[in-house]
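Colleague: Given next are the chains, with one letter for each unit.
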Amino acid sequence: MSDAYKIVAKITQKQIVDGLQQNTRLDGRGLLEYRPITTELGLIEKASGSALVSIGKTKILTGVKIETGEPYPDRPDEGVLTVNAELIPLAAPDYEPGPPGEDAIELARVVDRGLRESKAVDLKKLCIVPGKQVFVIFVDLNVLDHRGNLFDASALASVLALMNAEMQAYTVTKGGELKYRDSTVRLPLQNFPVEVTVAKIGDKMVVDTSLEEETVIDAQITIAIGKDDEVCAVQKSLFGTFSQEEIHQALEIAVEKATEIRAKVLRGVGGWLDGSE
Amino acid sequence: MSYLIEKRTFVLPGDLLAEGDYHAGRNAFKDSNKVYASMIGLSDNVGRNVYVVALKGCYLPRAGDMVIGTVVDMRLGNWSVDINAPYEAILFTNEVLDRPFNSRREEMTGILDVGDLILAKVLSFDRTRGPALTLRESGLGKIVHGSIVRMTPTKIPRLIGRKGSMINMLTRELGCHITIGQNGVILVSGKNPKMEALTLQILHLIEAEAHTSGLTDRVTELIKQEKSGEHGEKSSE
Amino acid sequence: MAKKAASEKLIRKGVRTDGRKPTELRNIRIDVGPLERADGSAYIEWGKNKILVAVYGPREVHPRHLARPDRAFFRCRYHMAPFSTAERKRPAPSRREIELSKVTRVALEPAIITELFPRTGIDVFIEVLQSDGGTRCAGITASSIALADAGVPMRDLVVACAAGKIDGQIVLDLNEIEDQDGEADVPVAIMPRTGGISLLQMDGILSPAEFKEALALALDGCKQVYERQKDALKGAYGQADTSMDEEGDSVGGDTHE
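Residue numbers (my numbering), protein chains in the order written: chain A, 90 to 366; chain B, 848 to 1084; chain C, 283 to 539.
Simulated from the structure, these hints should not be mistaken for lab results.
Treat the hints with caution; some may be incorrect.
Claimed, not checked - Straight-line alpha carbon distances no greater than 30 Å define the calculated DSBU-like cross-link-like pairs of lysine-lysine that follow: (1) C/Lys494 - C/Lys291; (2) C/Lys384 - C/Lys505; (3) A/Lys268 - C/Lys291; (4) B/Lys968 - A/Lys103; (5) C/Lys505 - B/Lys881; (6) B/Lys989 - A/Lys103.
Stated by the list, open to error - Just a few of them, taken from the derived set where beta-carbon distance is under 8 Å, the chain B residues facing chain A: (7) Thr917; (8) Asp920; (9) Asp929; (10) Val961; (11) Leu964; (12) Ile990; (13) His992; (14) Gly993; (15) Ser994; (16) Ile995.
Think of the CB as a built atom: it goes at the ideal place given N, C-alpha and C, for glycine as much as any other residue.
Isolated chain A (complex conformation) (with noise of 0.2 Å):
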């Protein structure tokens, strides 16, 4: 990082990287532990689903809302899944009003990818008239707070707003006409898949960095994992490599970390992964 000095001082940098050569972090925690991630949801009572997740102090505010649209002309019988990052200015000193630049755009793509590809929706159930009307689910997702790991605290909000959203129950007339009911039902969810960034400090693997390690990762990997372990997405970034035997060894921690989270975090939320699925 270019301007890592203005977030930690280069003796402190030393420090995390000789700490870790003894597997000790600044905050005492172990090399494959996550800061502690609290949840809050359903707050926004407006938005069909929201989640606000705290790892540590980064904090992450996603809403879910649900609207009617066209359907992608190559997938007319599908609804759509939209994901969409902002990197409010709120969040750091550094972070600019204005559109979103090309972190914000590769951390909703990320985002979306993992929850695309482990078809945590079921975009067949969400088809109105094929090929001229669809349900279109957006998932906004807003760093709040950056202390470090915006992947992971992203993903997770993104996947709780979802299992936490609501929609109105509706039928579909012959004619093709919507009509909403009374009931509100969950969306048809059929996957919960959790992202794990594993990053490489000189020859460590590390999981959930804090602000003060991000400036010296040379190179880190982001895996989404399914709900049977399967690799829905990845994601190499920054400008150092992985051996293959390290990508290997970050796919190991991926899914071991992933299913400790869904049991942990996901579990029960909106009624999902209790069990009865």
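Chain A is fixed; fit chains B and C onto it per the hints.
Modeller: Just chains B and C, lined up with the frame of chain A:
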């Protein structure tokens, strides 16, 4: 009509501090013949000078202050230094070396490079130009080891204590060298890693409780507990 | 979102759609300093409004040409999250958000002692996470807290509240339905100590007498909200001991000589 608020009253911006023949000091301002607070803090006065001890505020440099800063930019003849103030500080090459210096970029990075941490002294500051720093005093210069702790600048006086009582006690009891930057950046270095870690813990405690009474006792107690634990003795409850 | 049917009234026998009396304020909750990276921050829940504000500064201004030689350059950004409204809102700033950014700045700037920090910048970022009518007033009220939390020197806090007319009656603090379907909305911001009004807008139709009545009611609302602001700041900072500290030197942070 004369009024003076009781000392150590918690005040908010816009709260009335005094009315009558009074002067507005730090973190206060005068409007017609009334003095008001401009910051969140505790009221106080010395004679007719009414002011507020701010509980939160940025660091405003004063000539003579010791500061710990980071070099953020470099031009021929000077470096820009971030000292955690609203204004970037400037360090000229002739304030670093005793000898005349014919600046060339390579030579400058050899002395100080972007990203380096320095302990410096503020030479001068007024709000029309950024603060100027110097390294030309013994003890000043590039920092190469230790741990950095950041503290809200308004709490630094509490860390120092009256006539240095708190900081002297800490240095004595913890055996670590603690260099205090008035700008809220503190350097801790000690030979014993456990004592260095304890020092960091104490600093966080002071930051959290700077404006409460009985702090000195709590700090002393914590040190005693940790140190007796150090030697394998059970500390008494 | 369905508009109310013509036969549905906004106020029936002195009770509004949300159960309030005509001069009753919605519930307000204020958290001080919820964000880590910002210099100051505040979160407000005002009725169903949920708004987060961050303050950065005083700090160096970028781009440099914006710096003023004699004062801090103060900027405000009012923005609504896409999921904050009934219909999803596109993330890019709308004309309404741009206007509200400006009136918020005009409401807050007179209270800030900008002359103390020439050539610097102070930024206020308001993010509406959920909106239900009166967001500009809630935003201004929370911004004032966030500025104080950031240690920005101010002449006064700024507090805002709206009043308006629904079903022919002047009422305090309109929620979204009342704002959309009512006859008028008058948001007001004031610096309580001097009584200087720094924001005043109106849309709708009112007779001059009604306008004055609404203004007076809004100012009364401001008084009540001001108490909430003070309580929140006292709650967050008031643990500071007010007895003489036996050890500490009384020299504190300097921002004003």
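Colleague: Against the earlier hints, flag every one the structure doesn't satisfy and list their numbers going up.
Modeller: 8
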